[in-house]
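Asks: Chains as they are written, first to last, in my numbering: chain F, 1 to 245; chain A, 1001 to 1237; chain D, 2001 to 2657.
Careful: at least some of the hints might be erroneous.
To be verified - Using 25 Å as the maximum straight-line C-alpha spacing, the simulated SDA-like pairs for lysine to any residue come out as follows:
{"id": "1", "chain 1": "F", "residue 1": "Lys226", "chain 2": "F", "residue 2": "Phe215"}
{"id": "2", "chain 1": "A", "residue 1": "Lys1006", "chain 2": "F", "residue 2": "Ser103"}
{"id": "3", "chain 1": "D", "residue 1": "Lys2025", "chain 2": "A", "residue 2": "Leu1005"}
I should point out that these hints are in silico values taken from the structure, not numbers from a laboratory. Fair warning: this is a prediction, and the values are worked out from it, not measured in the lab.
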Amino acid sequence: MKKILFMQPSPWPARLDLIQSISGLLLALFMWFHMLFVSSILIGKDAFWIMARFFEGHFFFSKPYPIIVSILVTIIFTMIVIHAILALRKFPSTWQQYRNFSSHMVAMNHSDTTLWMVQVITGFAMFFLASVHLYEMMMEPELIDPYGSADLVWSGHTWPLLMALLICVEIHGSVGLYRLALKWGWPTFGDMDKTRQTLKRIMWSLIVVLLGLGFLALSTFMRIGKDHASNKGQLYTPSWENKHP
Amino acid sequence: MNRTLKFNIFRHNPRDPNSTPRMENYTLEESSGMTLYMALTLLSEEQAPDLAFDFVCRAGICGSCAMVINGRPGLACRTLTEKLPTKITLMPLPTFELIADLSVNTGKWMRAMSERLETWAHLQEETNINKLEAPMEPGLAEQIYELDRCVECGCCVTACGTARMREDFIGAVGINKIARFHLDPRDTRTNADYYAVLGDDDGVFGCMTLLGCQDVCPKDLPLQTQIAFMRRKMALG
Amino acid sequence: MNIIYTDVLVIGGGLAGLRTAVGVKRRGFNPLILSLIPPKRSHSVAAQGGMQASLGNCNKGQGDNEDVHFADTVKGSDWGCDQIVARMFTHMAPKAIRELANWGVPWSRVTKGDHEVVINGEKKILEEAEAAHGLINSRNFGGTQKWRTCYTSDGTGHTMLYAVSDRVIAENIPVHERKEAIALIHDNGRCYGAVVRDLITGELIAYMARATVIATGGYGRVYGVTTNAVINDGAGIGIALETGVARLANLEAVQFHPTGIVPAGILVTEGCRGDGGLLKDITGYRFMPDYEPQKKELASRDVVSRRMAEHMRAGKGVQSRFGEHLWLDITVLGRAHIEKNLREVQEICESFLGIDPAEKWIPVRPTQHYSMGGVRTDYKGESQWLKGLFSCGEAACWDMHGFNRLGGNSVAETVVSGMLVGEYVADFCATEEGQLTVSTSLAQTFLKREQAKLQAVLDRSTATGAENPVILRKAMEHTMINKVGIFRNGPDLEAAVTELKALLQRSRHIKVGNNHKGTNPELVLAYRIPRMLKIALGIAMGALQRTESRGAHSREDYLERNDQEWLKRTLYSWPEADAEEPTIDYESLDVSKMELPPGSRGYGTDNIVPHPDTATLQDKVNEAQSQGGTRHEIQERIMPFRELLPECYRELNERLS
Ligand SMILES: Cc1cc2nc3c(=O)[nH]c(=O)nc-3n(C[C@H](O)[C@H](O)[C@H](O)COP(=O)(O)OP(=O)(O)OC[C@H]3O[C@@H](n4cnc5c(N)ncnc54)[C@H](O)[C@@H]3O)c2cc1C
Ligand code: HEM
Ligand code: HEM
Ligand code: SF4
Ligand code: F3S
Ligand code: FES
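Just chain F, with the same shape it has in the complex:
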């Protein structure tokens, strides 16, 4: 046990903890919007097209500015980097620490402990997976389009990456939100144990729903991409523009 230090305590540990939580929270919320956006493909190509243009400011400036997306990507990427660096402090930093944790985890057989390891692993994986995805989005935002995206997914062979990313992010994010609620104290009315059980149930439901939606959307992109493979590179024209040339 370490000794007490008589120094003015630093305010930073508190701030860093807050930043970590806030960045996690914002990322998780962003991923919900992102899911709404991506899964609009399930409604139809038009829906996705509208969403994509929406984010490019099409409906505000009556002209798409893909740079808006690039900026958004940069912001998200920065957030991920900050979040990841802060999270890195919590990673086992030596082999000994890792061994202690994992043997403890196996022996305890305790879900919240195991789920933390899952978060570490998924987080670690995402650092690479998300970087690739974000890099693509950043460099070619104008390709975000029912066909453009589908081509990228299928003909650009990013679907395995996206599938892995999907699994990682939904599990990581949902578990993260559950942890966040308990970490800062979800407002409880009555029995805390019951509240925790409920939160846990919500967490698992979220994981199932989001993964399900994500897979459906991704498979839709893959189908579109496969059908569109011969014309890859060509972007989508909304149906109403087709009807009324």
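With the hints as your guide, set chains A and D with the ligands onto chain F.
Replies: Coordinates of chains A and D with the ligands only, in the frame set by chain F:
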């Protein structure tokens, strides 16, 4: 109907140069109402007279007998063998200094924790004990008692992955203690004073909300809500 | 050679020892505490029910004061106590509780307005005064006229021990844990500290001190089936006896608690009955009102335990695989009350019996619980025979409990005696006599002697025909339970004495299976057993010779309380190390110096052979009362005690009304 229990017990005396850490097997007939206290006492009387373990109250109130029972920390004296499978593995609590076999030095750890966090009521002045005591809201007294019920058994520290990785982490036991004094009007410390002992990554910000503590605490203390409470107080004021 | 010096060596980290150390430290001397275990694990932690102090805040406590508490205590003791000490104690108890309140004990508080209680099996409404709101509450306990037992839910001892232990840490007092005092260092009637064995390394260390305080708790473990912790084996007072100089007293005064659970012997608190729980027999019949129409379940412990034993003898017990028992019914209190105020009880029932006490009755029977006897001291807590040796808490026979202590008076005693003895010890250290002027060779002699004794045990590890400590312990427990229990009689006690003597002889050839010097639980048992046997033998011999029934000591062949012959304390010493038995003599209680003349307790059977001086004392009391004045003035006329208190504690206690 009686089962035969197979014990697999950690044996090692770090002060004996001839001793190496090992697991040893013992078998014992189960009897009804048998607790691990009774079982270990029988084992030491009949099969392993040199087996070291700690029991004091043998009634689940003193916190001496915490050990890792089939992977999870718990108070051995109030663990009924009938609630366990026939194969029972007993290990000493890790994170504490090993004395021998199942006996660890939780007392030393707890005293150091107390000194570090100053887990006593910091009084403004001595009050006159000949006069009426200062009144306290009955509900508040109950709330304080709720948090005061910790028996310093160390189960929460053992169950905490953070504590396993970082030996300076103060554990749920420490954070709960500060929460207890924070609640207590007799302790005149301010949030800033508490921050000085709790506000770093070995303190409340080190907790990664793994909640093992909450799930093993033999006194069912509301550790999760107290850690969250202290985190809010320390981070948001 | 290992020698550690300190001003005051406190042996024992329970409430008594810790509070003494705080007092010494505050007077500017350096205390050092020894404990077998971390102090917060001491058995003080197990006290669930509460601590008596006559605050008189709650409705049923109104009108309470030191006088009422004093009378209850003396009656409880069956007039066996030292009334001066009982007076000092009752005067100090409110201060002790208020000090603890300052230190952070979250005493349960009074809530103004109406609340429901269960009294005598019926629900009643009590109203609490506005002015009492937020002051310390109290509950009903056996043998008291008022509701006087202050509590924190049912974790009283826990919260007290933690507050005092944390205070010790705050005052930066060293506690040497996992150290066992195995002999006192003394010379020429003066005690200089102790030889101590480190239970981790096996090393022997001499702790030299100006004053030594024994606060090692009770000796219930000589009975095997007891509510006491496994470390409460009396070995601490055993080392005082083994000096051959210091004396123990009243060992035969052993209390049985009515409600130990069957079979584990774990206690469920008196608070269960205090709060309205009932005792029932095999037919579900509430039998206590038949025996004790007035106090019913809440007569003093010795009485209730005996009545239970009597009832079981009458064939009304419940037979079970673990022997006979009766029922404690707290379902009448309702789930809400149990889950709030008796949660520890609920936890115990769930963990050890697998039942929910809000729904099912608890199997109980009287179980060894408290040791009234111990190291004999004067009112200052100092041994009259060995200078510089003090004792307090359950280990001492300071003598405020006499032959039966009241529930809630024991944790109160630990803190009160700690407060007082701390002062007296500091006074002693400040005198000429209290200096440490002895050479280190004395320490060396004692170290060598103890080393040799331990080595002899270790050397026997391969000897044939040597004795197994576990077998000796079991035989002792068996004898004590069966022959020196709640009801005692001549033939059984004689047999017990013979058996225990034989066991003590055998214990001189004790051996251990392995010769590790360090952590070695077998060796520990091996050197404690002879000490435990000496205590056990003391109990049996004292009980055999005391041909009367007083308090917890109940002879079937001598039913009356014989004040004429037995208003005296039994004293034990062991002058020759290899003697077969203790030397017993007696110290008479001086009736003429008492305040409360020996009389009826108001519960139990009245069967008294009066002391010839009783009438004279009664005249003195009447005379003092007829002169009028405040209750303090009258009291002062009969039995002055105030100037015996340390000056800082002489003031009167304030109360609401
Ligand atoms: C189950 C139970 C419930 C109780 N409930 C109540 C109640 O409600 N109200 C009440 O008033 N009383 C109650 N009592 C009685 C009361 O708790 C005890 O009498 C009291 O706490 C004793 O305190 P102590 O400080 O004298 O000794 P303990 O608390 O027993 O402490 C003894 C200390 O001595 C140390 N020690 C012993 N031997 C040695 C040695 N050789 N060397 C070094 N250290 C040594 C031990 O480590 C320990 O720290 C209860 C008792 C029991 C068993
Ligand atoms: C890409 C790299 C990422 C890494 C390395 C990473 C790592 C981690 C780790 C280790 C934790 C646990 C921290 C702790 O216990 O204190 C965590 C928490 C969290 N993560 Fe991530 N993460 C990453 C990305 C994301 C993303 C994209 C999201 C959004 C869905 C996210 C959401 C969260 C949330 C909500 C938490 C809980 C915050 C907290 O406990 O304070 N993370 N992350
Ligand atoms: C502003 C930043 C982002 C933009 C603009 C964006 C855009 C897109 C687009 C257009 C797709 C459709 C497929 C494709 O074109 O490849 C997609 C899919 C996907 N994105 Fe993002 N993304 C962003 C950030 C992220 C982040 C931070 C993550 C996770 C850490 C992520 C994870 C995924 C996944 C898993 C898929 C495929 C899953 C599915 O179909 O549901 N994205 N994203
Ligand atoms: S918080 Fe619970 S688990 Fe931790 S030490 Fe206290 S009682 Fe034991
Ligand atoms: S297990 Fe450890 S990480 Fe926090 S929630 Fe409990 S202290
Ligand atoms: S021995 Fe006291 S809690 Fe188990």
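Asks: Against this structure, judge whether each hint is valid.
Replies: Verification of the supplied hints:
Only pairs whose Cα atoms come within 25 Å are accepted, and Lys226/F paired with Phe215/F is accepted, the gap being roughly 16 Å. With a C-alpha separation of about 23 Å, the suggested pair Lys1006/A and Ser103/F falls inside the 25 Å cut-off, and the hint holds. With a CA separation close to 51 Å, the supplied pair Lys2025/D and Leu1005/A exceeds the 25 Å bound.
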